[in-house]
Amino acid sequence: MAKPVRVQEPVALHAADIGLTPRRLVGMTLSVGLGLIFVLGMIGGIMKAAQGNLIQLQPGTFYALLTLHGAGMISTVVLLTAVALWYVLHDHLSLRPDMLVFSVVAIVWGLVAATVAVLVGGFGPAWTFLYPLPFMGTWPSWSTGLFFFGVLFVGVGFAIFCFDLMAGIIRTYGSIWNGLAWDTWIPRLRRPDGKVAPPSVIAASMVAIDGLITVAAGSVLVVALLAHWFSPKFPIDPLWIKNLTFFFGHTIANLAIYVSAGVIYYILPKYTGRAFHTNKVYALSWAISLFFVPWAWPHHLYMDFVQAPWLQVGGEASTYIATIPATVVTIFGSLLLVYRSDMRWRPGSTLFLAGILGWLVGGVAAMLDATIPFNAVLHNTLWVPAHFHTYLLGGVFLFVLGFTSYFVGERQTPGRLVKAIEWTFFTGLVGFLLMFYAGGIEGVPRREAVQPPPGPILADIATGFVAILLVGLVAMLIEFWVRAKRNAANGEAEGL
Amino acid sequence: MRALQRAWPLALGLLVAIDLLGPLAFGAAAPPLALHHLEHAFLLVSGGLFAMAYVRRRPKPYGDPLWILAVIGLGTLSLVLMLPDVYGIVDAEPVLHTLLHVGFLVIGWLGGYAAERYAPKLGFGWQLLVIVMGVITATGFGSGPPVA
Amino acid sequence: MVPIEGRQLAILLLWISLSAIVTVAFLWVVRSTRRPRDFDAVQSDGYRLRRGWGWVYGSLLIISFAVTIWTMPYAWAQQAAAKSPAITVEVVAHQFSFTMPSSLPARRLIKFVVTSADVNHGFGIYSPQGVLLAQVQAMPDYHNVLYFTFPGPGTYIIRCLEYCGEGHSAMQQPLKVYVSGSQATSVSKEA
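Chains as they are written, first to last, in the numbering used here: chain U, 1 to 496; chain B, 1 to 148; chain W, 1 to 191.
Next comes chain U alone, as it looks inside the complex (with noise of 0.2 Å):
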């Protein structure tokens, strides 16, 4: 027997040290986080109206506000996610306030530094900022530098929270494999108390080490990037760092749906009355996802024929395999929760079923995009953003604000204001997505400023749609808040 270590105990640090509850924090990173949302979806509005000759704006402005949108939603999204995640499990796992605070601050900084450098700077690559083309812009040379850092900076901010995650975990369940649940299957890894992960902390599990991995690659990405900048002899490959550049910018974009389905788990149950319990299929389906996720990125480069064959069809392969756990366990056991279940239907609730038929059919598309010869016909077509916007504005977004419903507290049956909230919210919604597939279909290029027919008049109705949605969300927020403040008031807390 190995002699029983003393575990010293962790540097006592309260909430109250930083004179923050857990929850006025996650509170105010929803409100920062929900206004930044409607800011760049204001932006997208307003491309949508170049594009359609509503207004008129230079190609280098489009452009810059394009990098802009991109860069800032999916920060905004992987943060709102993350704070989503971290509140729901932040009792259970000890997971600690100022950790979240270092990774909300992290984030911001790093969008900061990215809005300069566009607003001010011009910067405008586009969110993918495939080399060479930060450093054969119009723009000043000081914004591609401060932009690098501010994806560095919000990097960082992920990783914080990753570690943090992992180290709750491994503080709770004795390791990592544990919150993956694989002692359902390996028994000698039981804990002597025979508590297994709830399917929550089985997600966070994969997010944190999918995360790390992932800003592992944005880190040597941004390093590479920023050396080039500093010194031009720094060699780069095109072909390299075009992968490099989706292995990271992909899979940060994908695990948000991640992040959202440990979130699901969560909160579903509490509306239907019904448990999620974990079982092997459980932590086969997430072994599925941690493997097979961080190897869908080369189907961002089918069009490029240079690449090996291996990560071509692997790439098709993996992205394929990665659908499986989400289509048949994620997906089918919320449905599962659902049928017949004496459900609840609040704000929150809708939310989140719309939320799944949004995955769903959001992930249809891209499923259709990952086979090559149909991608042949759709890549960097508008069939591209209709898809992820299907499934991160139609979905992930939803999740968000299904959360924010249950964490401002649900309290009362819904009233024919908020129904008409959730009507024009989700009218503009489904207008705004039918304009891009129709797009897509019909062959105009994503990321122009100036558009072949029949793109113009697409976007002239895709705008107006945008209005609705706008509307519909600046209501939906609204409403929220008064409902905060009422709940607050009377000393109510998130819930039903």
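Honestly, the hints are just simulated from the structure, not real lab data. Ideal Cβ positions, reconstructed from N, Cα and C, are used throughout, including at glycine. Please note that the accuracy of each hint is not assured.
What the hints assert, rightly or not - According to the in silico footprint, chain B covers these stretches of chain U (three or more CB under 8 Å from chain B):
id, stretch
1, 93–99
2, 169–177
3, 216–225
4, 232–238
As the list claims (entries may be wrong) - Each computed DSS-like pair below joins lysine-lysine, with the alpha-carbon atoms no more than 30 Å apart:
id, chain 1, residue 1, chain 2, residue 2
5, U, Lys280, U, Lys233
6, B, Lys121, U, Lys280
7, B, Lys121, U, Lys195
8, U, Lys195, U, Lys280
9, B, Lys60, U, Lys195
10, B, Lys121, B, Lys60
Claimed, not checked - Over 12 Å on every C-beta distance to chain U, these chain B residues come out as not near it, computed from the model:
id, residue
11, Ile18
12, Leu21
13, Val106
Assemble chains B and W onto chain U, guided by the hints.
Just chains B and W now, kept in the frame of chain U:
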């Protein structure tokens, strides 16, 4: 099994010593870039493993957030040290080169130590970071496009 | 409006039908909450259904993968299938134009060797009606090979399909495609 548990630091130490001193003693040529990156990753991982073993024997209070910032900073530092502008200085001098490799071992140790000081067993998170960075750099960090 | 045909039509039909199926299933589940039952009563049926769904979904993926692997647009997949010798055409993309011939023959296999002189570009071939037919990326330091046969004569559009800077949306040019033999057989190269 027990013997293996006790012997691994010695075995790993021997491997690290061969890796560090071999080129000095025999004047071996520098390996190809990819292999060289993996060699750095090996040194970083070894340093981390030693740190984890060290902390396990002498547990210390843990949990200060600064340790996590140190982990992230050390990871970035290891990449910066591999930049040609920095690496070029030591590349030609075998002794300096060996010293830099010792530096990687130390960074690995510090990273593992810092991670363990944030939370026990979090050293594995550091190892994951270093291994992924090592594999990715080996695929082409610091090398230009193939000559057509 | 651009006519929807060929692959685009297949994609549209697949997307609409699959989305309709999942939406109907979804609404059915939502409606079912009007008649609540105990979870125990539906759980075992649900798990059985899940197993069935897993098999169906997995089989669909395998079939789709098997079909698509034979229809990949890559040179290694196409070279073997090509019966006639190909005409080699070099394409160099710049910010913001393509250096390539202004006319090419129809119904002849053409081997486009595509590269870029500066940043990443795309090389998209649009039919005279505006349908996107094929594309490949133009990357500096690399040569991407695209095999393509123009189905008939007409004025095709070559359009950049990778964002490449301020002039990106103006980066397109016409390409005259003629019936083989009706014009000079040699392919002229223009700066």
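Going through the hints against the structure:
1. A stretch counts as covered by a chain when three or more of its residues have a beta carbon under 8 Å from one of that chain; for the stretch 93–99 of chain U and chain B the count is 3, and the coverage holds.
2. Only residues whose C-beta sits within less than 8 Å of a C-beta in chain B count toward coverage, and the stretch 169–177 of chain U has 4 of them, enough to reach three; the restraint holds.
3. Counting residues of the stretch 216–225 of chain U whose C-beta lies closer than 8 Å to any C-beta of chain B gives 6; at least three are required, and the coverage claim holds.
4. Given a C-beta distance limit of less than 8 Å, the hint that chain B covers the stretch 232–238 of chain U holds, as 6 residues qualify and 3 suffice.
5. Our distance criterion of 30 Å between C-alpha atoms is broken by Lys280 of chain U and Lys233 of chain U, whose separation comes to about 52 Å.
6. Proposed proximity of Lys121 of chain B and Lys280 of chain U is supported: the alpha carbons are some 25 Å apart, at most 30 Å.
7. Distance check on the hinted pair: Lys121 of chain B and Lys195 of chain U sit about 19 Å apart at the alpha-carbon level, within 30 Å; holds.
8. The hinted pair formed by Lys195 of chain U and Lys280 of chain U meets the criterion: a straight-line CA distance of about 14 Å does not exceed 30 Å.
9. Among the hinted pairs, Lys60 of chain B with Lys195 of chain U is consistent with the structure: their alpha-carbon atoms are about 27 Å apart, no more than 30 Å.
10. The hinted pair formed by Lys121 of chain B and Lys60 of chain B meets the criterion: a straight-line CA distance of about 13 Å does not exceed 30 Å.
11. Chain U leaves Ile18 of chain B outside its interface by the beta-carbon criterion, the shortest separation being 27 Å against a cut-off of 12 Å.
12. The Cβ of Leu21 of chain B sits about 29 Å from the closest Cβ of chain U, beyond the 12 Å cut-off, so the non-interface label holds.
13. For Val106 of chain B, the non-interface assignment is confirmed: its Cβ lies about 19 Å from the closest Cβ of chain U, beyond the 12 Å cut-off.
Hint compliance for this structure: hint 5 is the single one not met.
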